[in-house]
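Asks: This is what each chain is made of:
4 protein chains.
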Amino acid sequence: MIIVLKDGTTKEQIILFKAALEEKYSVTVNTWHGVGSTVLGLIGDTTAIDEDWINAQEIVDNVKRVQEPYKKANRKFHPDNTVIELPTGQKIGDGSLCIMAGPCSVESEEQINFIAERVKTAGASFLRGGAFKPRTSPYSFQGLKSEGLDLLKGARKATGLPIVTEIMSTAHIDMFEGVDIIQVGARNMQNFELLKQLGKTNKPILLKRGLSSTIEEWIMSAEYIMAGGNDNVILCERGIRTFETATRNTLDLSAVPIVKKLTHLPVIVDPSHATGKESLVQQMSLAAVASGADGLMIEVHNDPRHALSDGAQSLTPDQFDILAQKAFALKKAYDEING
Amino acid sequence: MIIVLKDGTTKEQIILFKAALEEKYSVTVNTWHGVGSTVLGLIGDTTAIDEDWINAQEIVDNVKRVQEPYKKANRKFHPDNTVIELPTGQKIGDGSLCIMAGPCSVESEEQINFIAERVKTAGASFLRGGAFKPRTSPYSFQGLKSEGLDLLKGARKATGLPIVTEIMSTAHIDMFEGVDIIQVGARNMQNFELLKQLGKTNKPILLKRGLSSTIEEWIMSAEYIMAGGNDNVILCERGIRTFETATRNTLDLSAVPIVKKLTHLPVIVDPSHATGKESLVQQMSLAAVASGADGLMIEVHNDPRHALSDGAQSLTPDQFDILAQKAFALKKAYDEING
Amino acid sequence: MIIVLKDGTTKEQIILFKAALEEKYSVTVNTWHGVGSTVLGLIGDTTAIDEDWINAQEIVDNVKRVQEPYKKANRKFHPDNTVIELPTGQKIGDGSLCIMAGPCSVESEEQINFIAERVKTAGASFLRGGAFKPRTSPYSFQGLKSEGLDLLKGARKATGLPIVTEIMSTAHIDMFEGVDIIQVGARNMQNFELLKQLGKTNKPILLKRGLSSTIEEWIMSAEYIMAGGNDNVILCERGIRTFETATRNTLDLSAVPIVKKLTHLPVIVDPSHATGKESLVQQMSLAAVASGADGLMIEVHNDPRHALSDGAQSLTPDQFDILAQKAFALKKAYDEING
Amino acid sequence: MIIVLKDGTTKEQIILFKAALEEKYSVTVNTWHGVGSTVLGLIGDTTAIDEDWINAQEIVDNVKRVQEPYKKANRKFHPDNTVIELPTGQKIGDGSLCIMAGPCSVESEEQINFIAERVKTAGASFLRGGAFKPRTSPYSFQGLKSEGLDLLKGARKATGLPIVTEIMSTAHIDMFEGVDIIQVGARNMQNFELLKQLGKTNKPILLKRGLSSTIEEWIMSAEYIMAGGNDNVILCERGIRTFETATRNTLDLSAVPIVKKLTHLPVIVDPSHATGKESLVQQMSLAAVASGADGLMIEVHNDPRHALSDGAQSLTPDQFDILAQKAFALKKAYDEING
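Here the protein sequences come in this chain order: A, B, C and D.
Just add 1403 to wherever you are in the first sequence, counting from 1, and you've got the working numbering.
Just add 1403 to wherever you are in the second sequence, counting from 1, and you've got the working numbering.
Just add 1403 to wherever you are in the third sequence, counting from 1, and you've got the working numbering.
Just add 1403 to wherever you are in the fourth sequence, counting from 1, and you've got the working numbering.
Any given hint could be a false lead.
Claimed, not checked - Per label pair, the in silico range of CB-to-CB distance:
id, chain 1, residue 1, chain 2, residue 2, range
1, A, 1490, B, 1483, 39 to 47 Å
2, B, 1482, D, 1520, 33 to 41 Å
3, B, 1581, A, 1664, 46 to 54 Å
4, C, 1468, B, 1605, 44 to 52 Å
5, C, 1416, D, 1735, 53 to 61 Å
6, C, 1524, D, 1574, 37 to 45 Å
7, C, 1498, D, 1574, 33 to 41 Å
Read the hints as simulated data drawn from the structure, not as lab findings.
Think of the CB as a built atom: it goes at the ideal place given N, C-alpha and C, for glycine as much as any other residue.
Construct the entire structure; sequences and hints are all you get.
Replies: Okay, here's the thing in structure tokens:
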């Protein structure tokens, strides 16, 4: 961490500030005096240093972090890729393309079982489906809740596909005991109390990027979970909010290689929520594969026109068959090319 | 709600769709046939209609909402201003300028009592202070938690100032029983489970705008609380995330007159979090007053350079004295001018 | 175009407004009366209708465009792909992958000739290079100007590669007579006087998307050129400005399939300017190919560390060899998969 | 300027890089060696240093500018406020509130003369009006062009109000000889060729902030004009592009105190273009005054419903009378309060 002090800072002020830094944090402080300005360099573990606190000091002009503010998620300290492996054998981050597919909302036993069979046949290795639904309006369908979880478990039993579903409150953690991968949605990416509680479980957590989260903030939310002791975090890029209105969100595929460089965690892409349009999902799935993603999360509905949520972005099972076939084929070519 | 159907939609499809709409929602559907396109107009309460569902229909080209998607917060159905009145007499939204002030974090009994006395003397009518702190990093100070709440109550006893403090989890609602106004922070604006639980209380709720929330989404979050039965919502503009980096966020003062037109709820402004810079707080407080805000929320710290959080944007008590004096003076002039 | 009138609009006002619309524009106006609201539907060519003017009418609540506001660029009226073909035979938009490569700035004869040879060998079919450079600071290198154009022409002579270079002023149009493709940069995307002048030429124009332009605005700028009589427009996605700072801009690859659906124009992608980071260029080039782009524009410099501009995002010729090889290989696989 | 070098940089590399820096720019380079990292500090005039070039060096990890990249606009080197004074005596930046008002587009002699009289009577000291209009669509009204300039001059003759109007091309500079203040619109803020040419005139230039320009980029565009020798620059905040759609743009009033701190130039605010809604203009004008702005630019039209452009945001002369009266009254109170 580099701290630039203001012009006119006195020697006494510098000595006192250095002492405060060394006492408050376990760091060594080096000083460099230029003409009219002084720069401090902090050596050691600066992860815990609060930039706000530094910035608030009267003598500080500005601060620049050199080290990343995260440790457990940092590839520097954990060079190998994290591979998430489920008891039933499915893997995420092992170099294969993992597809999670299913409806936005679980609606009925018939619906979820039918879709589960179809996405399994097409090559998906996980069943996704919402039981608790975050909706902008209190008057919209809020999900089947615990009944939805039971239906997901039923579909798992029928197909063998592990299930991924979203949690919305710390109060529901016990209810999610039987879930294979717990999803944290974009709107809860900085629900820190929830992240802390999930850090105490040993479940794989699928952490979606917040609508307006920087990549660093997203990794910091992964760090919250990992700091609690749970290293099983999967990151999911799902589009960010920008001025563009042609798509629901703007899919930021550059985030995939960046996150894979900065962290050792698997990264998947959700083109359904990112684009909000069924007609773009296949194309952006292929682009996601070529961006180096470890997997895809795709909304599939037996009857999108009658879906209780997000129908506009859901594929039919037939459309998903084609998408999966193309995505696996492109992944194969991609791997050969990148040898 | 206006629904534009795709070219080539058949009469049979239109009849079936109209029937589905009328059955699913309590609306009347009018049809207008143009050359090559058909438009449906829905009359009745369209609040509960799910645009996603409409958009997902194969025959639908696009949808336009004419009515706002909120009812309880809507000024159309509640023309008079909502005035929040505390049992101890303080009012928000009655035409006066309400100032809430205090430290970002409660740090000690001495600190909070000293600041409480000072801001009261300066004219603040509420004491703000964080006991549970949402921090980007798990390694930053997370607040004094329940001890912090106790210290706030102590300061209230000493000064008579009601207290405003942030809640971060549904698990803490009981703990907040003794708090006068419960704050929902920007990161939890769409923590819908929390909003629902707060809707079951009768506490005034201060709802901060999310970092990337549209004004409509913000009002919909107020609607969540109100739909649960709690009409005591105060909205707080605190800056949105944009590309500009000169300020922490971009303060959107246009939101003040817009929200006051669309809803009947009081709106206050937090220039401390919006700008992130002590040097801008006074100026933007005055601008907020002139934008028609019902109040201000200001961070004040006895010793900003040693604050455990957000020191860079905190004012000293002396700076706050000047700000409060100027803000009340400007409010007086503003009221005279606007007669 | 659908116009929703305000509650309380009188019959007389509606009659007068309809007459005004029909007189002012060549449209037929249909009226639909709902309970408490009236909707007008405009049939005919609404391209020329000014939404601002409609919105300004006292009786108008809001307006919704159903038709796109562009004609010449619209795929509806021109279903076949536009293929740009140069006199020397190179094609853009014919289904092949077109790569334009070269330095950000032309710096010397030796430099440009060396790079031109290398990118040609690697498979590029166009040489890019800046002679006039838009720089944020007046104190930064502004390009070799007309000398730079001469050097580009020399490199073309030596290699046979047609040249692409940016124009910054209408005053330079004559000077660009010998250029094969004239580039309009992001900052000039809405320099409408320049677009009009370029519409009078018969040169292919490479139109970069503005930093904060919506896809519709970008297409409207293409429409400016085409309205002048020049149909040879190539669109280039180069990233948009968002809150994310990990990349220079946010590459919006969803724009590729969207633009290809809405228009008949070729679309290429510039991952160099989008990401601003050499380490991301190859990965995002592959993602661009898989998004369906017609081509790539890549910055290549013999010695990026000594480049006079944009060195941080330039590839070495060796890096470019690998990129081109992988991009063509992926394009081949992509075409087979999409058969 | 602080340059952080990568881990593992050798002594030889550092020596060579320092020599290159000192030769290329007139700076002194100081070195500070930490554990595992080296930091260079550059002393001297770093304005001309190209961050891109620094970042492109292989041994550079990152760069931090300590000094601002502008000189002529910088308040550090020019502590006193710049006051723009016209030959006819009107001043901008002298502490008074300057109001520029008039129609978006000049439409006819009768229109412009009528509006000019009305805004003069209400207290405006400048007449604004567009003769060349930047329109998103080539099919929208493009302004009366040179005829519009003549009509503006006629209105000036009739009222004595100096005129402010927008230039769109370097080709028109001679035509603008008779204009009092030349406006550069948001879309041309980075039309660097235009800025350079305007730098060679001695006219006051009103420089609007670009839709997605940072404050620093905006000041750099002012620096372009000033670097050419023309110090008469007035900055105009007119809203930035964000995700919010309730307003046409998001008015960034924090920019006013920031720009006034960083530069010595006058800053005015255009709430008409920022909000795009007549109903918000008065309120945001008052907020702008309280943010410390030197002036306002307001769209006024005799008959907004029939305006050829931007009618939705134009005030009637009667509405403007009230706005001006309130704005001057608030300015008076503001000045007394800030004594």
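Asks: Next, verify each hint and record whether it holds.
Replies: Results for each hint:
1. Range check, residue 1490(A) to residue 1483(B): Cβ separation about 60 Å, and the 39 to 47 Å hint is violated.
2. In this structure, residue 1482(B) and residue 1520(D) meet the distance hint of 33 to 41 Å, their C-beta atoms being roughly 39 Å apart.
3. The hinted range of 46 to 54 Å is satisfied by residue 1581(B) and residue 1664(A), whose Cβ atoms lie roughly 48 Å apart.
4. In this structure the hint that residue 1468(C) and residue 1605(B) lie 44 to 52 Å apart at CB holds, the actual value being about 46 Å.
5. Against the hinted window of 53 to 61 Å, the Cβ-Cβ separation of residue 1416(C) and residue 1735(D) comes to about 41 Å, which falls outside the hint.
6. Range check, residue 1524(C) to residue 1574(D): Cβ separation about 42 Å, and the 37 to 45 Å hint holds.
7. Distance hint check: the CB atoms of residue 1498(C) and residue 1574(D) are about 40 Å apart, consistent with the given range 33 to 41 Å.
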